[in-house]
Structures are given as C-alpha cells and as structure tokens.
Amino acid sequence: MSVQLQGPITEERAHPEAFNLHFSPDGKHFAYGTFTTEGKAIMVVDGKTSEPHDTIGFDNLFSMDGSLHAFMALDGKQYRIFASGAPPLAVDAMYDWSLTSSPDGRHLAFAGIRDGKKAIWMDGKAVVLDVTMDDYRNSQPIVFSPDSRRLACCVMSQGSMHWVVDGKAGPGSKTGMGFNLSFSADSRHFAYMAAQDTHGAANIVVDGVVRATYAPVTSGPVFRSDGVLEFIAVDADGLCRFEVTGY
Numbered sequence: 000m001s002v003q004l005q006g007p008i009t010e011e012r013a014h015p016e017a018f019n020l021h022f023s024p025d026g027k028h029f030a031y032g033t034f035t036t037e038g039k040a041i042m043v044v045d046g047k048t049s050e051p052h053d054t055i056g057f058d059n060l061f062s063m064d065g066s067l068h069a070f071m072a073l074d075g076k077q078y079r080i081f082a083s084g085a086p087p088l089a090v091d092a093m094y095d096w097s098l099t100s101s102p103d104g105r106h107l108a109f110a111g112i113r114d115g116k117k118a119i120w121m122d123g124k125a126v127v128l129d130v131t132m133d134d135y136r137n138s139q140p141i142v143f144s145p146d147s148r149r150l151a152c153c154v155m156s157q158g159s160m161h162w163v164v165d166g167k168a169g170p171g172s173k174t175g176m177g178f179n180l181s182f183s184a185d186s187r188h189f190a191y192m193a194a195q196d197t198h199g200a201a202n203i204v205v206d207g208v209v210r211a212t213y214a215p216v217t218s219g220p221v222f223r224s225d226g227v228l229e230f231i232a233v234d235a236d237g238l239c240r241f242e243v244t245g246y
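The opening residue of the sequence shown carries number 0 in numbering that gives the first Met the number 0; numbering runs sequentially from there.
These aren't lab readings, by the way, just hints derived from the structure by calculation. A virtual CB, placed ideally from N, CA and C, is assigned to each residue, including glycine. If a hint is listed, it holds; no wrong ones were tucked in.
Below 35 Å or equal to it, Euclidean Cα-Cα: the simulated DSBU-like pairs (lysine-lysine) are:
| # | residue 1 | residue 2 |
| --- | --- | --- |
| 1 | LYS76 | LYS167 |
| 2 | LYS39 | LYS124 |
| 3 | LYS167 | LYS124 |
| 4 | LYS76 | LYS116 |
| 5 | LYS76 | LYS47 |
Label pairs and their in silico Cβ distance ranges:
| # | residue 1 | residue 2 | range |
| --- | --- | --- | --- |
| 6 | THR244 | ARG149 | 16 to 26 Å |
| 7 | GLY237 | ASP103 | 36 to 46 Å |
| 8 | SER66 | ASN137 | 22 to 32 Å |
| 9 | GLY226 | THR54 | 40 to 50 Å |
| 10 | LEU238 | GLN77 | 42 to 52 Å |
| 11 | THR54 | ARG210 | 42 to 52 Å |
| 12 | GLY158 | LYS76 | 25 to 35 Å |
| 13 | GLU50 | ARG210 | 43 to 53 Å |
| 14 | LYS27 | ARG210 | 38 to 48 Å |
| 15 | GLY226 | GLN77 | 43 to 53 Å |
| 16 | ALA214 | GLU16 | 45 to 55 Å |
| 17 | PRO102 | SER218 | 21 to 31 Å |
| 18 | PHE29 | LEU238 | 38 to 48 Å |
Please work from the sequences and hints to get the whole structure.
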C-alpha cells in the first residue's frame, strides 16, 4: 500500500525527489529532505515543510523519545541549527555528524564554532573542558548518558585524542585514534579503549582510570545490561572475552 506524501516535488531531475528518510525511535514520527522546483532544500517532518534552504546537512535527528527533531541547514555562509520548540541557532561552522540529542529530548549538543570559539556546544553554551579542543573528529560521536545528565565528547588536544566526561579529560589515545565510549545503564560508570601504539596495545579506561592493558583489544569495552563490563582481546589462547571488575 502506498501513501501520498505531503510536500513539494521537484521537476529538477539533477536532484533526488526525497532523501534521508528516517523515523523517530518510537516509530511515531518521520522526517525526510526534498527540494522545491527552484532547487532549494527543505525538511519535511510529519508532513509539515520547513522554510527553504540552500543546503540541508547530514545532521538530521530525532531524540530517543521522539519529542525533539533537529537538523542543520546552510544558507550562503551562514550555518543554522533548527530544533523543534526553539528559535534557530546561528553558528559560524559545524562539524558534520556531531549534532546529538539527549535521550529525554531536553538537550542538544554539537561540535562547532560560534563567535570564533571552537568548542562543544550544549543548549547554545560552550561546554567547559579541562583540555584545549584543537580539533574534533567526525568519526567520534558526542554521547549522553542514559539518564541525560552526563555528556561525553572526544576531542583532539596536543596531538592526542581524549574522551572528556563531565568536562574532565581521561587518559588519551597516543596514536591519535579514539574509540567509542560506553555508559552503564544506570549512568554511574563509563568506559572506553585508548590505543597506545600502532601495534595494537590499548588501555581499558573505566571512570577515567586505566584498569587493564592488552595488545590488541579488538572490540569494546561495553557494559552489559547487568552492569558488567566486557571487552574482546587477543591473548595466548586467541580471541577471548574479558570482564572488568572492581570499579
């Protein structure tokens, strides 16, 4: 069964008629991009169209509870972030794929530049970090804890990549490679892997403290639903699952 979608359909065949269709995690809302007959990009959310823009960026998301939708648009040299229920936020520049919503839909964070300041921004304000943010890698997301109260980001500082949680940087990755951070289900703990050399040696960092070192660590660490932290690494017996305790 097909359903007629609301919104303009372009006659310009150089553009796709619609792109980046996705649904909110609760399945109750949908959004996609399309173009006007003049070639302007618009965002369509639950059948309602936004104002036209020169370009709509890669950042286009729903919060976990579906209460918030946000996207980035570029008009000329002006970047703006649009979020439901809030006025547009102008930024000088923005790192692609960094726009992130807290699970409860109350906070919006991204990496970018405003008023000449390079920073991680949350709700329009620069997040205070105890290290200088020299750069932000698009491959590393900004992460909220499950309870939406804690923020983690991965930034380059003085040649190393650091996960910064609650504004405090932990042991960095000396090779310039960062790895995904995992929060426990109760939001009390966090863990990540930090590479130490090009041969695969890596530290397992829990709550900002190195708890184990293996070469190589091939996956994880990730918290199980029961709160136990696991990672996969290679030892004399081959691939093995390891548990981290005592934190």
